[in-house]
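Student: Chains as they are written, first to last, in the numbering used here: chain Y, 1 to 336; chain B, 1 to 205.
Worth flagging that the hints you see were computed from the coordinates, not collected in a lab. Just so it is clear, CB atoms sit at the ideal spot from N, CA and C, and this is done for glycine as well. Check each hint, because a few of them may be wrong.
Unchecked claim - Simulated crosslink set (DSS-like; lysine-lysine; CA at most 30 Å straight-line):
id	chain 1	residue 1	chain 2	residue 2
1	B	K37	Y	K10
2	Y	K12	B	K177
3	B	K26	Y	K12
4	Y	K15	B	K204
5	B	K204	Y	K10
6	Y	K149	B	K204
7	Y	K15	B	K42
8	B	K37	B	K22
9	Y	K101	B	K22
As the list claims (entries may be wrong) - A few chain Y positions that, by computed beta-carbon distances, are all more than 10 Å from chain B:
id	residue
10	S9
11	K10
12	K12
13	D110
14	L116
15	K126
16	E144
17	A272
18	S276
Below, each chain spelled out in residue letters.
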Amino acid sequence: MNELEQKLSKFKEIKADAAWKSSNRSLLLGQISMADEPRYSWLKALALELPFQFAKAVPHSATVVVAVLLVLLGGGFAGLQASENSKPGDTLYVAKIAGEKTQLALTFDDKKKAQLSLEFAGNRAKELSQVLNEEQGGQEERVEKLVSKFRQEISTLRSQVEKISQAEPKADPKLASKPEEKALESTPETALEGDLEAETEYFSAGSVKDDNGISTSEQSAETAAPVQTEPTEVFASGSEIEIAASASPTAEILVAESKAGDSERIFKEAEALLESEDYSTLLNKISEAEEAVGRMDTGLVKGESEEASTTAVYIVGTSTGESLDPGDPATTTSDK
Amino acid sequence: MASLFVLLSKCILRYFQMASGKLTDKILYLRLKDKDKQAFVKAYDLYVDDIYRFIFFKVGSREEAEDISSGVFLKVWDYVQNNKLGEYNSLKPLLYRVARNAVIDYYRKQPDNAPASLDAGESKIDVPDEKQDMANSHDLHLDMDLVRAGLDQLKDEYREVIVLKYLNELDTAEIAKILDKSKGNVRVLLYRALSALRSILEKKQ
Numbered sequence: 001m002n003e004l005e006q007k008l009s010k011f012k013e014i015k016a017d018a019a020w021k022s023s024n025r026s027l028l029l030g031q032i033s034m035a036d037e038p039r040y041s042w043l044k045a046l047a048l049e050l051p052f053q054f055a056k057a058v059p060h061s062a063t064v065v066v067a068v069l070l071v072l073l074g075g076g077f078a079g080l081q082a083s084e085n086s087k088p089g090d091t092l093y094v095a096k097i098a099g100e101k102t103q104l105a106l107t108f109d110d111k112k113k114a115q116l117s118l119e120f121a122g123n124r125a126k127e128l129s130q131v132l133n134e135e136q137g138g139q140e141e142r143v144e145k146l147v148s149k150f151r152q153e154i155s156t157l158r159s160q161v162e163k164i165s166q167a168e169p170k171a172d173p174k175l176a177s178k179p180e181e182k183a184l185e186s187t188p189e190t191a192l193e194g195d196l197e198a199e200t201e202y203f204s205a206g207s208v209k210d211d212n213g214i215s216t217s218e219q220s221a222e223t224a225a226p227v228q229t230e231p232t233e234v235f236a237s238g239s240e241i242e243i244a245a246s247a248s249p250t251a252e253i254l255v256a257e258s259k260a261g262d263s264e265r266i267f268k269e270a271e272a273l274l275e276s277e278d279y280s281t282l283l284n285k286i287s288e289a290e291e292a293v294g295r296m297d298t299g300l301v302k303g304e305s306e307e308a309s310t311t312a313v314y315i316v317g318t319s320t321g322e323s324l325d326p327g328d329p330a331t332t333t334s335d336k
Numbered sequence: 001m002a003s004l005f006v007l008l009s010k011c012i013l014r015y016f017q018m019a020s021g022k023l024t025d026k027i028l029y030l031r032l033k034d035k036d037k038q039a040f041v042k043a044y045d046l047y048v049d050d051i052y053r054f055i056f057f058k059v060g061s062r063e064e065a066e067d068i069s070s071g072v073f074l075k076v077w078d079y080v081q082n083n084k085l086g087e088y089n090s091l092k093p094l095l096y097r098v099a100r101n102a103v104i105d106y107y108r109k110q111p112d113n114a115p116a117s118l119d120a121g122e123s124k125i126d127v128p129d130e131k132q133d134m135a136n137s138h139d140l141h142l143d144m145d146l147v148r149a150g151l152d153q154l155k156d157e158y159r160e161v162i163v164l165k166y167l168n169e170l171d172t173a174e175i176a177k178i179l180d181k182s183k184g185n186v187r188v189l190l191y192r193a194l195s196a197l198r199s200i201l202e203k204k205q
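Just chain Y, with the same shape it has in the complex (with noise of 0.2 Å):
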């Protein structure tokens, strides 16, 4: 039988001659002219036609959606990572929004959930970045929803955090202890940098507490000039003033010169509390996140897209080894 029927099903590449269908389609197409003028709305046209779109588009990303549905389904995840670094835009965007949505409709532990909608806002930050990256024009209005995702994250998170903190009333001994080393190290630097705002106190405290071994703090005891504790800062109102890294002994700190690497960290470092339950430091972590990635949208607004959009060096050298830029040869600063 199968022989058979796969000779009959050679018989569906008969086609039409071509230029009769296209001399008949402008013929049908007169006659049917003959009728009335249509009466549908420019609206109702538009609403037909977009689901018409869709349909159409649906075959192509329905094989990606499926793809990553039937891996979820599998129990692995090894299908989102081929979306990981999609961006508005690239056609696997789809798949990783419905990913996400997935999981976090698939997770019912709370501190998961947050630990998910963090991860996500960091998405929404790292795809921020790599749009404001792209050299063509036409970002606004990515950014713009791309931007307005992110506080929705944000603000989804907040309030499963506040959940969680209510529903595990602890002791935190680390809310005690946080403002003395913010204290501590925010006086000499800003007796040097001058212009801070107070968001790097915040940077320059969290990268002494952060494990990650971002900053130089802990690494140059010897020389301890605090301005190596500084990684470079660009501050929203146009004044930039770029620290330089002076050479650490170990060499791994490379100069950041974009705001994407800060929100970057200060996501690793949000994950960190998450995980160690200090969630009172984390909501302020939280409240640091937004405003850096209003920043990276700020710069764009006003223009600055020069030093906002850049993809220099982040900065390297935690101590998992991990990148936070993993396509950028790590060890020069480069302007793009």
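We have chain Y already, so just place chain B on it with the hints.
Tutor: Frame of chain Y; chain B shown alone:
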């Protein structure tokens, strides 16, 4: 395990494709109702080859098939505007139904045309198998001609289901709707049709 996933993904993909096809169909139908000419053009481009193929295997002549196909699209436009055949609320089954009726009408008007004979000139099938060498493609053409001739000898009912399933790639449910039969009927019909065709071809050899 992997093959299970592949199978599953194929099933889901086919489901999606079917679903999206049906959605497209419904949307086109609605737009046609609104006298949307763009929709007409889209429907034409989407289905003209299928309808042509279907009719061609019933009437055997290119020109006749072209004429009748033309008429089918015009008629469908008219039917949708005037809400005839209202129980067909999506495009594909409606098109096939109208095409089928059109062929029946055609034979009624010309009783001397024996439905089963295909023009001699039409017996060459252009199978796009350029990769095969000449000898192979010659054999393939012979094969196809044989199958073609076998199809001709089949009873109308049998030939019709075979064409709908293998040449038009419709599934059992769709065929059932077009022929106004039950799915079970269609399955049995298909089985019998294939057996009949097979024995015809075996006799020839």
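Student: Hint by hint, say whether it matches the structure.
Tutor: Verification of the hints:
1. Among the hinted pairs, K37/B with K10/Y is inconsistent with the structure: their alpha-carbon atoms are about 33 Å apart, more than 30 Å.
2. Taking the CA atoms of K12/Y and K177/B, the gap is near 21 Å; set against the 30 Å cutoff, the hint holds.
3. Simply put, K26/B and K12/Y have alpha-carbon atoms about 24 Å apart, close enough for the 30 Å limit, and the pair holds.
4. For the hint linking K15/Y to K204/B, the alpha-carbon distance of about 28 Å falls within 30 Å, and the restraint holds.
5. About 20 Å separates the Cα atoms of K204/B and K10/Y, which keeps this hinted pair within 30 Å; it holds.
6. In summary, the hint linking K149/Y to K204/B is not supported, as the alpha carbons are separated by about 69 Å, beyond the 30 Å threshold.
7. Restraint check: the Cα-Cα separation between K15/Y and K42/B comes to about 17 Å, which is no more than 30 Å; the hinted pair holds.
8. As the CA atoms of K37/B and K22/B are separated by approximately 20 Å, the hinted pair is consistent with the 30 Å bound.
9. Restraint check: the Cα-Cα separation between K101/Y and K22/B comes to about 27 Å, which is no more than 30 Å; the hinted pair holds.
10. Interface exclusion of S9/Y from chain B breaks down, the closest Cβ pair being 5 Å apart, not more than 10 Å.
11. Against chain B, the non-interface label of K10/Y is violated: not every CB pair exceeds 10 Å, the least being about 6 Å.
12. The claim that K12/Y lies off the interface is violated: its Cβ sits roughly 5 Å from the closest Cβ of chain B, which falls inside the 10 Å cut-off.
13. Annotated as non-interface, D110/Y keeps its C-beta farther than 10 Å from every C-beta of chain B; the closest such distance is 32 Å.
14. Every CB of chain B lies more than 10 Å from the CB of L116/Y, the least distance being 25 Å, so the non-interface label holds.
15. Look at K126/Y: its CB is around 29 Å from the nearest CB on chain B, clear of 10 Å, so calling it non-interface holds up.
16. With a cut of 10 Å on Cβ distances, E144/Y stays outside the contact zone with chain B, its closest approach being about 30 Å.
17. The claim that A272/Y is not at the interface with chain B holds, since no C-beta of that chain comes within 10 Å of its own (minimum 36 Å).
18. Separation of S276/Y from chain B is adequate, the least Cβ-Cβ distance of about 38 Å exceeding the 10 Å criterion.
Of the hints listed earlier, those the structure fails to meet are numbers 1, 6, 10, 11 and 12, in rising order.
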